[in-house]
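Participant: Respectively, the protein sequence lines represent chains X and P. Quick note on numbering: the numbering used here labels position 238 of the first sequence as 238, and the sequence is numbered without any gaps. Numbering-wise, the numbering used here comes out as the position in the second sequence, counting from 1, plus 268.
Incorrect hints may appear among the rest.
[Claimed, not checked] Here chain P is said to cover these stretches of chain X; the calculated rule only asks that three of the stretch's residues, wherever they fall, bring their Cβ under 8 Å from a Cβ of chain P:
no. : segment
1   : 54 to 66
2   : 91 to 102
3   : 112 to 120
4   : 137 to 146
5   : 149 to 161
6   : 165 to 173
No wet-lab data here; the hints were simulated from the structure. A virtual CB, placed ideally from N, CA and C, is assigned to each residue, including glycine.
2 protein chains.
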Amino acid sequence: MSFIHKLQNSCQKNKSYLCVGLDPDPRLMPPDTNTKEFILRIVESTSDLVCAYKINFAFFEAMGESGFQNLKYARDSIPGNIPVIADAKRADIGNTSRGYAEAIFGIMGFDAVTVNPYMGYDSILPFISYTDRGVFVLCRTSNPGASDFQDLCATNGDQTLPLYQMVSIKAREWNQHGNIGLVVGATWPEEIKIIRKQNPEMPLLIPGVGAQGGCIDLVSKYAIGPDGKMGIINSSRSIIHASAGKYYDKAARSKAEELRNQINLYRR
Amino acid sequence: MSFIHKLQNSCQKNKSYLCVGLDPDPRLMPPDTNTKEFILRIVESTSDLVCAYKINFAFFEAMGESGFQNLKYARDSIPGNIPVIADAKRADIGNTSRGYAEAIFGIMGFDAVTVNPYMGYDSILPFISYTDRGVFVLCRTSNPGASDFQDLCATNGDQTLPLYQMVSIKAREWNQHGNIGLVVGATWPEEIKIIRKQNPEMPLLIPGVGAQGGCIDLVSKYAIGPDGKMGIINSSRSIIHASAGKYYDKAARSKAEELRNQINLYRR
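Construct the complete structure from the given sequences, taking the supplied hints into account.
Facilitator: Here it is as structure tokens:
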């Protein structure tokens, strides 16, 4: 089954556009909890509330030698019907991107990946060549520095638009297998509106609600809307580290349920 | 000692601007050779000929579970006086980039890293905050798709320039610790000339000679020149996979020596 179908199914089954980011931060975890146990309890307590999980590689790479095993464990702990996005933000020249794609899709079995567009088409091609997997191209990111380059007015001779819109347009051109999506930060609702207009059918992965302060109401309205377009709204810290107490899994569930319901207000 | 000083010392000691890329490709390695032995023999046969080594993470991540150990082994097999660049092309929002920086600089002890500028200043700050390490920002990459976005004419209100030059200018602004360099592909000598003019003192990391076809003569002239500026010219496949025979290490040495000498013709 393709990534998009898997995602549509999990959205419907769980009535959810919420993606939970599994980014375990040892400083925020309950004392004396090991990473595997932590992840398993978070997944078990939230898997009927989400449309997808997103796993950020940096948090695992920072664990050193145990990182790969913990990452693989996290990926494998997620029920088979829920798609899992590798938030790795990779991209390199062709033969190198092939190595990253093999690691993420081939060896670790992720359903989708985030990639950086700066190096252009051939740096992303090895990922989109896995036609049953999803590829989310960074477009307008949630962080303050996003504006340094993504907002520069760029011209290709025909059109003059902010760079992030050039990326959005190129992504549409590159989407011959129908497996490309875009990453747009929840902190920029107006940009989400524009990108959604440019790409009505593309899945948008939207990080930045919760700790980063994105506005759920506007984001849901623009990215998902009354007809339920594929807007996947991610929250990491505000869910998985909702509590550092004994019942952190229950706290995570409660926060996830609240967010899911808040997003669903915009579905008619 | 800072990265820049370490690099200057190794350039002088080995009379070299050559960087060897340790990107072991199992399909190109001699049959029945294990990765650790392969890397050790390549390093032992070339370490008096190079100013630096560059290790591309994708080739190790594609090994799966043994990737981390092999990567650490490769990094640790390099003599302490030769700087080692992590070619990882990372960057993410602040708390995530901190994780990558901790993994690459803290845990694995690399001297420098390559980063992607698309997400802007705060995505790179966690790396440049390690003031004794080097940070090479992707500017004009060697691959064909580089032109998709890097060549778009961009304007910030004051100036209108190709995006890659905007990156080059921003990198100079961000360089308060003097530890930033730029990545410029050997396949674009005219762009190297421009970037070198914009940043006379910055180290340039230049991949793309050898298998990718960059012209060593022009690259050496523009990036290094008669006064010996810090242009670090990388070759990977054409050196380490010069032969798949029994004496692959000798073949690598011979190829490395040839390249080093060809580059040095432009030093007066």
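Participant: All hints, please: hold or fail.
Facilitator: Structure-based check of all given hints:
Only residues whose C-beta sits within less than 8 Å of a C-beta in chain P count toward coverage, and the segment 54 to 66 of chain X has 7 of them, enough to reach three; the restraint holds. By the rule of at least three residues with a Cβ nearer than 8 Å to a Cβ of chain P, the coverage given for the segment 91 to 102 of chain X holds, with 11 such residues. With 5 residues carrying a beta carbon less than 8 Å from a beta carbon of chain P, the segment 112 to 120 of chain X meets the three-residue requirement, and the given coverage holds. For a cut-off of 8 Å, the count of residues in the segment 137 to 146 of chain X with a CB near a CB of chain P stands at 7, and the three-residue condition holds.
Residues of the segment 149 to 161 of chain X with a Cβ under 8 Å from some Cβ of chain P number 7, which satisfies the need for three, so the listed coverage holds. Figure legend: the segment 165 to 173 of chain X, annotated as covered by chain P; annotation consistent (3 residues with Cβ-Cβ distances under 8 Å, at least 3 required).
Of the hints listed earlier, there is not a single one the structure fails to meet.
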